[in-house]
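Chains as they are written, first to last, in numbering that gives the first Met the number 0: chain P, 0 to 514; chain X, 0 to 364.
Wrong hints could be hidden among the right ones.
Derived DSSO-like pairs: lysine-lysine, alpha-carbon spacing no greater than 27 Å straight-line [said to hold, decoys possible]:
1. P/Lys400 x P/Lys433
2. P/Lys433 x P/Lys463
3. P/Lys400 x P/Lys358
4. X/Lys150 x P/Lys405
5. P/Lys290 x P/Lys405
6. P/Lys358 x X/Lys150
Simulated restraints, written as ranges between beta carbons of each label pair [what the hints assert, rightly or not]:
7. P/Asn146 x X/Leu28: 35 to 45 Å
8. X/Phe337 x P/Gly75: 42 to 52 Å
9. P/Phe214 x X/Ala139: 39 to 49 Å
10. X/Gln177 x P/Lys358: 23 to 33 Å
Covered, in the sense of this in silico footprint (three residues per stretch, anywhere, with C-beta under 8 Å from a C-beta of chain X), are these stretches of chain P [unchecked claim]:
11. 350-360
12. 363-371
13. 383-390
These are calculated hints, taken from the structure and not from any lab test.
Owing to the predicted nature of the structure, the values given are computational and were not obtained by experimental measurement.
Positions of the beta carbon are idealized from the N, C-alpha and C atoms, including for glycine.
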Amino acid sequence: MTIHNNHAGEEPVAPVLELSKVSKHFAGVQALGGVSLRLFAGEVHALMGQNGAGKSTLIKVLTGVYQADQGEMRLGGKRINARSPLDAQHLGISTVYQEVNLCPNLSVAENIFAGRYPRHGVGGAWGIDWARMHRESAEMLARLNLNIDVSQTLDSYSVAVQQMVSIARALSISAQVLILDEPTSSLDDEEVERLFVVLRQLRAQGMAILFVTHFLDQVYALSDRITVLRNGELVGEYPAAELGHTALIAAMVGREMLAPTAHAAGPQEGVGTQQPVVLQARGLARAGHVKPLDVTLHRGEVVGLGGLLGSGRTELARLLFGLDQSDAGELAVNGTTVTMDSPVQAIRLGLGLCPEDRKAEGIIGELSVRENIALALQARQGLWPCISRTQQAEMADYYVKTLGIKTHNIDTPIGQLSGGNQQKAVLGRWLATKPSLLILDEPTRGIDIAAKQEIMNEILVLAKEGMAVLFISSEMEEVARVSDRIVVMRDRAKVGELPGGTDDHAVYAMIAGQA
Amino acid sequence: MSAVISVAGTRRWSNWSYWLKRLQAHTLLWPVVTLLLILAVDASLNPGFWVLQWRDGHLYGSVIDILNRAAPLMLVALGMTLVIATRGIDISVGATVAISAAVAALMVGGTLVITDGVAQHVSRFPMGVAIVCALLTALACGLWNGVLVAKIGLQPIIATLILMVAGRGVAQLLTDGQIVTVYYPPYFFIGSGYLWGLPFALFIAAFVYLLMHLAVTRTALGLFIQAIGINPAAARLAGVRERLISICVYAFCGLTAGVAGLIISSNVKSADGNNAGNLLELDAILAVTLGGTLLTGGRFSLAGSLIGALIIQTLTSTIYSIGVPPEINLVVKAAVVFVVMLMQSAEFRRAVRGWVVRPSAGSPA
Chain P
0 MTIHNNHAGE
10 EPVAPVLELS
20 KVSKHFAGVQ
30 ALGGVSLRLF
40 AGEVHALMGQ
50 NGAGKSTLIK
60 VLTGVYQADQ
70 GEMRLGGKRI
80 NARSPLDAQH
90 LGISTVYQEV
100 NLCPNLSVAE
110 NIFAGRYPRH
120 GVGGAWGIDW
130 ARMHRESAEM
140 LARLNLNIDV
150 SQTLDSYSVA
160 VQQMVSIARA
170 LSISAQVLIL
180 DEPTSSLDDE
190 EVERLFVVLR
200 QLRAQGMAIL
210 FVTHFLDQVY
220 ALSDRITVLR
230 NGELVGEYPA
240 AELGHTALIA
250 AMVGREMLAP
260 TAHAAGPQEG
270 VGTQQPVVLQ
280 ARGLARAGHV
290 KPLDVTLHRG
300 EVVGLGGLLG
310 SGRTELARLL
320 FGLDQSDAGE
330 LAVNGTTVTM
340 DSPVQAIRLG
350 LGLCPEDRKA
360 EGIIGELSVR
370 ENIALALQAR
380 QGLWPCISRT
390 QQAEMADYYV
400 KTLGIKTHNI
410 DTPIGQLSGG
420 NQQKAVLGRW
430 LATKPSLLIL
440 DEPTRGIDIA
450 AKQEIMNEIL
460 VLAKEGMAVL
470 FISSEMEEVA
480 RVSDRIVVMR
490 DRAKVGELPG
500 GTDDHAVYAM
510 IAGQA
Chain X
0 MSAVISVAGT
10 RRWSNWSYWL
20 KRLQAHTLLW
30 PVVTLLLILA
40 VDASLNPGFW
50 VLQWRDGHLY
60 GSVIDILNRA
70 APLMLVALGM
80 TLVIATRGID
90 ISVGATVAIS
100 AAVAALMVGG
110 TLVITDGVAQ
120 HVSRFPMGVA
130 IVCALLTALA
140 CGLWNGVLVA
150 KIGLQPIIAT
160 LILMVAGRGV
170 AQLLTDGQIV
180 TVYYPPYFFI
190 GSGYLWGLPF
200 ALFIAAFVYL
210 LMHLAVTRTA
220 LGLFIQAIGI
230 NPAAARLAGV
240 RERLISICVY
250 AFCGLTAGVA
260 GLIISSNVKS
270 ADGNNAGNLL
280 ELDAILAVTL
290 GGTLLTGGRF
300 SLAGSLIGAL
310 IIQTLTSTIY
320 SIGVPPEINL
330 VVKAAVVFVV
340 MLMQSAEFRR
350 AVRGWVVRPS
360 AGSPA
């Protein structure tokens, strides 16, 4: 074991947390190979890398979920060995995970103090000190600029607030190091900014913050230093100010990336609209979900659905796919008016939907990649004829190859794949049904840049072959880039349409009601 | 990757470890090991355990006896396997057994009529009609559960609890609270008859198993059931008719309980609304679990459930045959089940390995 030497000239301070030459193997596959990481007090450090680069494994080693095979970990100069998340927490390493993992049915205060309720009396014999718990919870949240009723259940608040509560909980366990694993993936811009204010404040107080995200802008908005991983190995550690956008992406993917565009030769307006109509909704609505709106999708057209979180985008997708039933208006597929009463019906009519929540509604975690890919086509065929194992394997091999799904083999349970590869497999599931309209609800959320580009490229190729695509994303820039037409939504209603190639600022302007 | 390594390694060694690994990964390994262990204990306590005799055109012996007695449990466990695979549970199967038995016994009835000096057994309704009615009733019971769970959205354990309690009442109502005796020898064939020297009930269980095996492997039913059990929302979104399949699975479970009811009532030549199939649901759930199907749904093993049923029946027979006092036999059974469950827990085995073999410093986790 070599002991990492600080460059005394550059950084006179010793790092709070230092990992040197950490390796981790799973069943002979190297997940981390000699990765080093330094975290200094009062800095925000971004950990970057594609899916499968080893970010999650590194964090799990840091937080004691996994034990490293090799290498050492030092906290405040002392060698530590976190054997469990609880252990890591006691050592002063707190983590806020991507998915809020608190108890939604308990109150905010109970969540913050879960497992260590303040009690009355000697040895806590007299019961729980609710007043103190509520008072202290409120104080903690106030420090994060959050003034809410801590006696309400957690699920009565938005995801952003829940995230704050989870940070408050992490901080209350006297953390020196705060690890945030994709904390912003389910927040809208305003909420992200609010979170950043808090993080900057914590940084000023001397906290060492490790921050994992897929949003490049956020990396530059917040971090002081960037560590890049690729294929489980350390690419380098850079000061954020010295590493440009392109250089960062190049470091992550190991090659220069080209952004895909629907309009290689500029916007081709009107091309899509001359094609036959695949789907047409007139006055389609569902009380409390979507206000009456008209949407038309043509063959080979990519229609972007712009709007902020909660603007009714997902609700519209669910209506179109028959997951929810409309209570007004009508829907025509290929010119025939239909009652879309179930996904079964939608699939029969040639629709597909990649859902927003991949884990809850997309993948069947314990089934293999092969079975996951074959599922929708088999469901459309019914119980019989059964797609044989060989046919399933052919199908899976095909999509693993064309979509670039990284998996041990096609019989690996899909749950073991990284997020981007799971998403590609779900995409493959729908492509196997040869849909005439594919609805993609946040297909690139929580996915690294390379996979994002690959998925977008694949979608554009398919659109060129005649598939209509309804593309939903919170990243307006992405929507603007790939769409032939953009339907803009606000407050559960359609506010207008914009032609493809529109600048994302125009979309925001329309959302803001300025257009 | 691992395949590459094993090919690259010494061939003899790699083959060995490859097969060992395959065997260890096989879901049926621990159920089979458990069954063999219990059988070994039996054989050591009772030297005549494996002896088979051919008498009056039938095979006789302890093993045959166990197989015969296990048939109803096997059937119920098979139906239960699919329900559990969809992440459900059916605790009303015991009551369904009682209802089916009551319907069959009432409709067969049977009296000895002497016409022209020839004694003849006459059933109340033709036996075929009685059997069909009993099975339809059981199917209806299952359907009821399925609708409560899949359409109305009740928790499976609560939904089936209704029939578990009410079903016994229905069975007792049907039989007027009496034990209905059957006097119609042809009916006895189902539960105590022999075909080609083997108990007929075994053929029924084997037939149902074969039918189910074909249904889950030759059609997409197996895939759909697993998908529903692992992630119902995703399965629905992928176009799987999740509700319809759930209803069918519960209905089928009712049907298997109905068949078990026929076998039980035929075997004891009567139907007892109060005791027929009593606590059978628990044995069935246990059999499914012993067979390696998780109660959390998803992956399931029909063969495992058969072995699970055999484990339970062998255990029960062993306890009786080695003369455990009746007042402690439930405790003994519970203790053995506890040990078996521990053996099957991968976590426990890992812990034991940790106690026995001190891990060397460099060994991977």
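* Asked: Are lysine 433 of chain P and lysine 463 of chain P close enough, with their CA atoms no more than 27 Å apart?
  -> Since the Cα atoms of lysine 433 of chain P and lysine 463 of chain P sit roughly 14 Å apart, the hinted pair holds (cutoff 27 Å).
* Report holds or violated for chain X covering the stretch 350-360 of chain P, Cβ cut-off 8 Å, minimum 3 residues. => holds (count 4)
* Note whether the CB distance of glutamine 177 of chain X and lysine 358 of chain P lies within 23 to 33 Å or breaks it. => The hinted range 23 to 33 Å is violated for glutamine 177 of chain X and lysine 358 of chain P, with Cβ atoms some 56 Å apart.
* Asked: Could one say that the CB atoms of phenylalanine 214 of chain P and alanine 139 of chain X fall in the range 39 to 49 Å?
  -> Roughly 57 Å apart at Cβ, these two residues miss the hinted range, so it is violated.
* To do: Go check the stretch 363-371 of chain P versus chain X for me, would you? Three or more residues, Cβ under 8 Å, otherwise it fails.
  => Held - the stretch 363-371 of chain P has 5 residues with a Cβ nearer than 8 Å to chain X, which meets the minimum of three.
* Would you check the hint for lysine 400 of chain P and lysine 358 of chain P, treating anything up to 27 Å between C-alpha atoms as holding? => Given pair lysine 400 of chain P, lysine 358 of chain P holds - Cα atoms ~23 Å apart, limit 27 Å.
* Asked: Does lysine 358 of chain P pair with lysine 150 of chain X here, judged by a C-alpha cut-off of 27 Å?
  -> holds, 24 Å
* Hey, lysine 290 of chain P versus lysine 405 of chain P, does the alpha-carbon distance stay inside 27 Å? -> Violated, at about 41 Å.
* Regarding the pair lysine 150 of chain X and lysine 405 of chain P, is the alpha-carbon distance no greater than 27 Å? -> violated, 39 Å
* Are the Cα atoms of lysine 400 of chain P and lysine 433 of chain P separated by 27 Å or less? -> holds, 17 Å
* To do: Starting from the range 35 to 45 Å, see whether the pair asparagine 146 of chain P and leucine 28 of chain X falls in it by beta-carbon distance.
  => violated, 58 Å
* Asked: Per the hint of 42 to 52 Å, is the separation of the Cβ atoms of phenylalanine 337 of chain X and glycine 75 of chain P within bounds?
  -> holds, 47 Å
When held up to the earlier numbered hints, the structure conflicts with 4, 5, 7, 9, 10 and fits the remainder.
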